[in-house]
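Colleague: Sequence lines, in order, name chains A and B. Here the first sequence is numbered in the working numbering, starting from 2 and rising by one per residue. Here the second sequence is numbered in the working numbering, starting from 2 and rising by one per residue.
If you're looking for bench data, these hints aren't it; they were derived computationally from the structure. Please read these numbers as outputs of a predicted model, since none were measured by experiment. Just so it is clear, CB atoms sit at the ideal spot from N, CA and C, and this is done for glycine as well.
Per label pair, the in silico range of CB-to-CB distance:
id, chain 1, residue 1, chain 2, residue 2, range
1, A, 316, B, 61, 39 to 45 Å
2, B, 167, A, 288, 24 to 30 Å
3, A, 288, B, 39, 35 to 41 Å
Footprint (simulated), chain A over chain B, 3 or more residues, beta carbon under 8 Å:
id, region
4, 87–95
5, 128–136
6, 160–173
7, 178–184
8, 188–196
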Amino acid sequence: MTDKHTNYGGAYVPEMLWETLRVLTAEFESAKKDPEFQREFEDLLKNYSGRPTPLIFAERATKDLGGAKVYLKNEGANHTGAHKITHCLGQGLLAKRLGKKMLIAETGAGQHGLATATVAAKLGLECVVFMGSEDIRRQRPNVFLMERLGTKVVPVEYGSKTLKDAVNEALKFWMENLDTAHYCIGSVLGPAPYPEMNRYFQSVISREIRAQLKERENKLPDAVLACVGGGSNAMGSFDDFLAEKSVRLIGVEAGGTGKKLGEHASRKIAGELGIFHGYKSLFLQTEDGQIAPTHSISAGLDYPGIGPDLADLYESGRVELAYATDDEAVSAADYFAKFEGVISALESAHALAEARKVAPKLSKDSVVVVTLSGRGDKDLFNFARAFKDESFKKFLKDEYERS
Amino acid sequence: MTDSNKAKRAAVRDSGRVSQRGGARGSAPAAAGDSDAQNPYRANEPLFMAHMIAGYPTISDAEKVAEGLGKGGADIIELQIPFSDPMADGPTIAVACEDALKAGATVASSLTLLSKVSRLGKPVAVMSYLNPVFRKGIPNFVKTIRDAGASALIVPDCPFDSEEGRALLDACKENDIFFVPVVSPGVPKERLEQLAKDSRGFVYCTSRQGITGANSKFAQDLFDFVAELKSIFKLPIAVGFGVRSRDDVATLSKHADIVIAGSVFVNAVKTGGASSIEKTVRELLG
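Chain A with its partners taken away, still in its complex shape (with noise of 0.2 Å):
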């Protein structure tokens, strides 16, 4: 047998797709070289989204659970609530050096889809986001808010409707309009370029965790942690410490509701190599290739393929891979709201759940740092409904007949 390494990643896309990546991958080694784009792009971060993102030190969990110092990076202090916005952003100003017009997404939790529509209004340029059907039903409020930014929201209403299809019903989009549109790829995953160029805008993160955290405590942390649907916080956290070797860099799965195919979405639990979406990486598939169903509590980790960096930093053991299911995700966001007045997006909590287990092992003079990638306003009805909150439902109804 070979031992030969994966090569994971590459760029699987019809032809026509070719000139189209060649000259993005161009403008984006141009605009990496280029002062002023780096100069507008901090410029938007610091003064549009209001980095740096705080680092709060998570006193009373950490005395909770007994173990090393818990901190978390919020990313949901970011204007819109998540990390997302960061490669929009550069994606944003990439398409306006390219002469586009119109910003195209997909979108699962409405998290990237409501980002792309916020940047694609600051910068001027025309919006359109697909979102699965089913997805839709789930995230309503993001939708009234993609809509009143001017973004036009396009329903995906086969497959799963979910994630993968909306990113499908994208590339098609994309494929009609090439001359004007330019396909704002929400994780560090697609064809090449995509997963670099979002792993390189979203790689912010863990320089800041690394300079706050040497203010604080002047010491790397000994943990990394984030939750990975595709990876962009992940990749984005992780990033500037690969080459730190003390440092555990963990990535936290959908675990769902079970280990059978379709139950989770976790390709720790079961995925394998595959060619799909563009790109080589660990795929949830059927024996026969088909890409399976996926599901988690969280719509914006709920997707069947990791991005092929991460699939490469976890074939050669630098990445841990580890997952949470939909009961500890919720159980953590509700632990951390307790005792640290953070309300995290369900995505987030399945990091949060996975620092439960790991803090208490680790000693009192070592330091976790845990990625909130979003804020929870986003999952107020799922939380709602996770907790069978009746008054709730109350409100709910009464809003429904004052209108």
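Based on these hints, arrange chain B on the given structure of chain A.
Modeller: Structure of chain B alone, referenced to chain A:
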């Protein structure tokens, strides 16, 4: 092709392209990119390639669809293996693939159907997205479709110069299968020239870009692109652009070597069942 169809299609050819392509079948000079003595995708008159989905609407009815396509006068059958996420297909084909999978279609059942379709005596080109092929193992997949009677393979999401593209080129060469490039208007000349080096059999030209002429469904841009493809690839050019009617077939026949129709048959199955396919083909071929 039935004799009456042949006569009518010859008339189409004569009205549209006699000046470029007169002469009897078999007299066209073999071009540089087409050294195969017998390329079933090359003819002196336009050929009609009918697309179908293995297992749509059901596994047993798909066989009837294939028979109908053959009897109606299709020269070539394109057999698509259904995939859960057909990203390069429009909604009609995408939903039909989903229906086929729901009705129990698998890669194995698609290959069984391929053997049956091959017995109709028409060349069969297999179309699949990359992941099912990759999952089965590239050399294994190619050998299996060869044994089942396919003569060409189309994988729209696998560039020739990727690791898997090179493996497919090698396996296809070994098994005497044409690995067919899929190109679209807008693909630059340098890229086409690069693809042409490895291309055999024919070229599959399609698009999802809205290329619509002022006075017709097909813009001059498309015809210019087909002409460019002919000069670069020196292979028959198959064109699939949402063919719906007899007029569409007639117009494309003036430019393309092979006219492809697909979603029109899915729609026909939806409204009239598998038994309506023969008539649908006859109507298209006029």
